[in-house]
Amino acid sequence: MTVGSKLKQTLASLRGAESVLRTYANQTQKKENKKVYQEAVQVSEEIIYSLEERLKQLEFQEPQYKGF
Amino acid sequence: MPQWLIVLIQSLIVFSGILLFMRLMGKKSIIHVPPFFVVVYIAIGVIAALLSVNIINVVHGIIALSVWILIPIAASFTAMRNKWFHDLLIGKETVFIKEGKIMEENLLKERYTPEELLGQLRAKKVFDLANVEFAVLEPNGEVNAMLKADKSPVTPHYLGEKVPPQSEARTVILDGKIMDEPLATLGLNRQWLETELDKLGISPENIFVGQVNSFGEMYVDLFDDAIQMTKPKVRELLYATLEKVKADLYTFALDTADEKVKAIYYRDAEKLEQLLIKLRPYLLH
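Here the protein sequences come in this chain order: F and V. Following the numbering used here, the numbering of the first sequence begins with 3 at its first residue and continues without gaps. Following the numbering used here, the numbering of the second sequence begins with -10 at its first residue and continues without gaps.
Honestly, I wouldn't trust all of these hints.
Under the rule of at most 30 angstroms between Cα atoms (straight-line distance), these lysine-lysine pairs were calculated in the BS3-like manner [as the list claims (entries may be wrong)]:
id, chain 1, residue 1, chain 2, residue 2
1, V, Lys249, V, Lys222
2, V, Lys222, F, Lys10
3, F, Lys58, V, Lys233
4, V, Lys87, V, Lys166
5, V, Lys251, F, Lys10
6, V, Lys98, F, Lys58
7, V, Lys72, F, Lys33
8, V, Lys188, V, Lys220
9, V, Lys87, V, Lys114
10, V, Lys72, V, Lys16
11, V, Lys113, F, Lys33
12, V, Lys140, V, Lys113
13, V, Lys72, V, Lys87
14, V, Lys166, V, Lys98
15, V, Lys267, F, Lys37
16, F, Lys33, V, Lys233
17, F, Lys10, V, Lys16
18, F, Lys8, V, Lys72
19, V, Lys114, V, Lys98
20, V, Lys166, V, Lys151
21, V, Lys166, V, Lys188
22, V, Lys81, V, Lys114
23, V, Lys188, F, Lys10
24, V, Lys267, F, Lys36
25, V, Lys81, F, Lys36
Hints listed in this document are in silico derivations from the structure and should not be mistaken for laboratory results. Remember, predicted model here, so these are calculated numbers, not experimental data.
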């Protein structure tokens, strides 16, 4: 497996985790819990962004692996 | 009117009257009321029984019953408002053990022998007098004991463990029927519940009792006891997924040759590490 596809897999897992965290942030009623989950969503989004940037770099360097 | 019909009618009337009275009297459990009320209840029971079988004069019976019912209720209300009256009617607590030492004069005052005190402590699962810090005799005759701090059960606070605040689990399905009110207090609705049940592959009619906890996890007990239900694992899976992503990031950092990219991967992995530490008590408990 290439670095690109491994990165895509990790990105997909992280996106999935982020959506569950977002659901919990919405669903929970205690303020303290809400804050923690929202923070978690924030951190996940930052990492997702940074991974997407890296992915763009990789695709630029090796255009044959571009896509999705 | 034939005698048996009179008895039947009187029994039904007295029965309904007493039922109403019990609801008026409130929810204080019979075990925990002061002795005075026990006598009241017995008197009411006896008069009601006699009235129902037509042994005493109906008018006399109703008068007597009214006295025994209305005066205790009035007394309860007055006791609620007036502290002095409350102490007169129901009494105050008596301290039996203070700072680990038995107050012998108080035991004498209440005509309690030491054996009786020990027996009452054992009823509260306290078998070692040395463990008791404070014990009090309640007006209803119960002895309640507080254990010494180092003999009390351990709480997460003492262990320095962070535990996320939780509220009680609400029962949302009873006897196959969905209860909308508890669902609403959790901020959920029927559609959410039906989606969750679809995920489990059961329909509400098969569920005897269904509860939802404050994390939004469902627990169901089915009519058919042969089927095994699995524990909800969503939160553990979430934690595991995040850990895997973190491990992947470390791997990427090791795989890449570019120093700048390495640094970014390490930074992100560190962020996830911190997040996981924070999320641990919320997801893994």
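Structure-based check of each hint:
1. The suggested pairing of Lys249 (chain V) with Lys222 (chain V) is violated, with an alpha-carbon distance near 38 angstroms, which exceeds 30 angstroms.
2. Between Lys222 (chain V) and Lys10 (chain F) the alpha-carbon distance is near 25 angstroms, which keeps this suggested pair within the 30 angstroms criterion.
3. For the proposed pair Lys58 (chain F) and Lys233 (chain V), the alpha carbon gap of about 22 angstroms is at most 30 angstroms, so the pair holds.
4. This hinted pair does not check out: Lys87 (chain V) and Lys166 (chain V) have alpha carbons roughly 51 angstroms apart, beyond 30 angstroms.
5. Distance restraint check for Lys251 (chain V) and Lys10 (chain F): the Cα-Cα separation of roughly 17 angstroms lies within the 30 angstroms cut-off, and the hinted pair is therefore satisfied.
6. A threshold of 30 angstroms between alpha carbons decides the hint, and for Lys98 (chain V) with Lys58 (chain F) the separation of about 86 angstroms lies outside it, so the pair is violated.
7. Restraint check: the Cα-Cα separation between Lys72 (chain V) and Lys33 (chain F) comes to about 40 angstroms, which exceeds 30 angstroms; the hinted pair is violated.
8. At roughly 13 angstroms between alpha-carbon atoms, Lys188 (chain V) and Lys220 (chain V) fall within 30 angstroms of each other, so this suggested pair holds.
9. A threshold of 30 angstroms between alpha carbons decides the hint, and for Lys87 (chain V) with Lys114 (chain V) the separation of about 19 angstroms falls inside it, so the pair holds.
10. Among the hinted pairs, Lys72 (chain V) with Lys16 (chain V) is consistent with the structure: their alpha-carbon atoms are about 21 angstroms apart, no more than 30 angstroms.
11. For the hint linking Lys113 (chain V) to Lys33 (chain F), the alpha-carbon distance of about 37 angstroms lies beyond 30 angstroms, and the restraint is violated.
12. Taking the CA atoms of Lys140 (chain V) and Lys113 (chain V), the gap is about 14 angstroms. The hint holds against a cut of 30 angstroms.
13. Distance restraint check for Lys72 (chain V) and Lys87 (chain V): the Cα-Cα separation of roughly 24 angstroms lies within the 30 angstroms cut-off, and the hinted pair is therefore satisfied.
14. Between Lys166 (chain V) and Lys98 (chain V) the alpha-carbon distance is near 55 angstroms, which puts this suggested pair outside the 30 angstroms criterion.
15. Straight-line distance between C-alpha atoms of Lys267 (chain V) and Lys37 (chain F) comes to about 11 angstroms, which keeps the hinted pair within the 30 angstroms bound.
16. With a CA separation close to 28 angstroms, the supplied pair Lys33 (chain F) and Lys233 (chain V) stays within the 30 angstroms bound.
17. Only pairs whose Cα atoms come within 30 angstroms are accepted, and Lys10 (chain F) paired with Lys16 (chain V) is rejected, the gap being roughly 62 angstroms.
18. Restraint check for Lys8 (chain F) and Lys72 (chain V): the C-alpha separation of about 74 angstroms exceeds 30 angstroms, so the hint is violated.
19. About 25 angstroms separates the Cα atoms of Lys114 (chain V) and Lys98 (chain V), which keeps this hinted pair within 30 angstroms; it holds.
20. The suggested pairing of Lys166 (chain V) with Lys151 (chain V) is violated, with an alpha-carbon distance near 37 angstroms, which exceeds 30 angstroms.
21. Straight-line distance between C-alpha atoms of Lys166 (chain V) and Lys188 (chain V) comes to about 18 angstroms, which keeps the hinted pair within the 30 angstroms bound.
22. Distance check on the hinted pair: Lys81 (chain V) and Lys114 (chain V) sit about 24 angstroms apart at the alpha-carbon level, within 30 angstroms; holds.
23. Note on Lys188 (chain V) and Lys10 (chain F): the hinted pairing holds, with a Cα-Cα distance of about 28 angstroms set against a maximum of 30 angstroms.
24. A C-alpha spacing of about 13 angstroms is found between Lys267 (chain V) and Lys36 (chain F), which places the hinted pair at or below 30 angstroms, so the restraint holds.
25. Taking the CA atoms of Lys81 (chain V) and Lys36 (chain F), the gap is about 45 angstroms. The hint is violated against a cut of 30 angstroms.
In summary, the structure is inconsistent with hints 1, 4, 6, 7, 11, 14, 17, 18, 20, 25 from the numbered list given earlier, while agreeing with the others.
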